[in-house]
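Asker: Quick mapping for you: the protein sequence lines, in order, are chains A and B. Using our numbering, read the first sequence as starting at 1439 and increasing by one per residue. Using our numbering, read the second sequence as starting at 1439 and increasing by one per residue.
Everything hinted at is true.
Just so you know, same-sequence chains aren't split out, so a pair can sit in one copy or run between any two.
Capping the alpha-carbon separation at 25 Å, the derived lysine to aspartate or glutamate pairs in DMTMM-like fashion look like this: (1) K1600 / D1519; (2) K1496 / E1442; (3) K1496 / E1486; (4) K1496 / E1453; (5) K1507 / E1442; (6) K1496 / E1482; (7) K1600 / D1570; (8) K1507 / E1453; (9) K1600 / E1566; (10) K1578 / D1515.
None of these hints come from the bench; they were simulated from the model.
2 protein chains.
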Amino acid sequence: MSHEYPSQLLANAVEAFASLPGIGRRTALRLVLYLLRQPLANVEGFAEAVARLRQEVKYCHVCQSISDKDTCSICSDTTRDHGTICVVQNIQDVMAIENTGQYRGVYHVLGGVISPMDGVGPSDLNMESLVDRVAEGNVKEVILALSSTTEGETTGFYVSRKLSSYDVRLSTIARGISVGEELEYTDEITLGRSITDRVVFHRD
Amino acid sequence: MSHEYPSQLLANAVEAFASLPGIGRRTALRLVLYLLRQPLANVEGFAEAVARLRQEVKYCHVCQSISDKDTCSICSDTTRDHGTICVVQNIQDVMAIENTGQYRGVYHVLGGVISPMDGVGPSDLNMESLVDRVAEGNVKEVILALSSTTEGETTGFYVSRKLSSYDVRLSTIARGISVGEELEYTDEITLGRSITDRVVFHRD
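So here's chain A without its partners, still in its complex pose:
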């Protein structure tokens, strides 16, 4: 019996929630007491959704994204451009780019970025499967869509080196000021980069 909680069942459930990132004990207790007030079937449904995801999740054997089948819905979509691969860190990035509605190619999910501080090296990423896809010879362009951080840039550099011997175009998403952002509030590194990477739209 925990000294702090009046019930071991309660203590266990609070511990479970408090083990999640960004959720402290106070929030965990609030969530658990909320669940206690919900109908039994709802709470069992919650627990089942969590357990089943972890038990039954699959990863697309082509792009390594999360999928219900062996090949994800994007990789099995014949209307998409399979000659263009967008390399991203994780599934959230796939979803963010899909939400723009601006991209018709396919993806490759690395599953992380190189970060010596966190003990993540190149071998921890889905790198070989990307090289294999490019080595097949049907890919025309690989777009690096990685975060503008040291880890993202290191990873991008590593990917481009791994692919440098193949006949494939390498590009990276544009860095610059946000649409709607005011110049005076833009940090100077981004502003500097937006000038060196400027886009020419008229030549006289």
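Keeping the supplied structure of chain A fixed, place chain B upon it in accordance with the hints.
Answerer: Positioned in the frame of chain A, the structure of chain B alone reads:
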């Protein structure tokens, strides 16, 4: 298949977390992807802790607090003062008061406060069992430890009316400025109340 999520299993798990109060879809996705990276046994343990709590939870038949047994550890503790009942809104309040180490009596958990806006009336609270405890005749004092809100005050008023015909002392926890709080930053209603409820500590 959700348009937004690449997997129905993922969509279900995100929906489950996003149904919790204060958790939006973005946070829910972050939590779900975190769980996906954890060992299977951990995630199954998480799901089981949540389901078991809701399935097996008991409420103390005396004070209505959450308990693993029919009578909670506080109500079955013979060293505590069973002649003093502290009336609180919920289990968090029991835990908060226990953490002060200043209270040796027992509790009564109402399970809410009267709130017409939220459709909570007196009959939704554990009120009759409180009256029954007082009617037994062994209770000397009932301390109202309710929030200093309209709902808390209304509930306190209702409880005192229900107990007015019994030979029991009724008290309420002191309202005033927090220990360590500076006067100039105290809201004026609290400050006003701290003057009218002032404590005399020396008479000449």
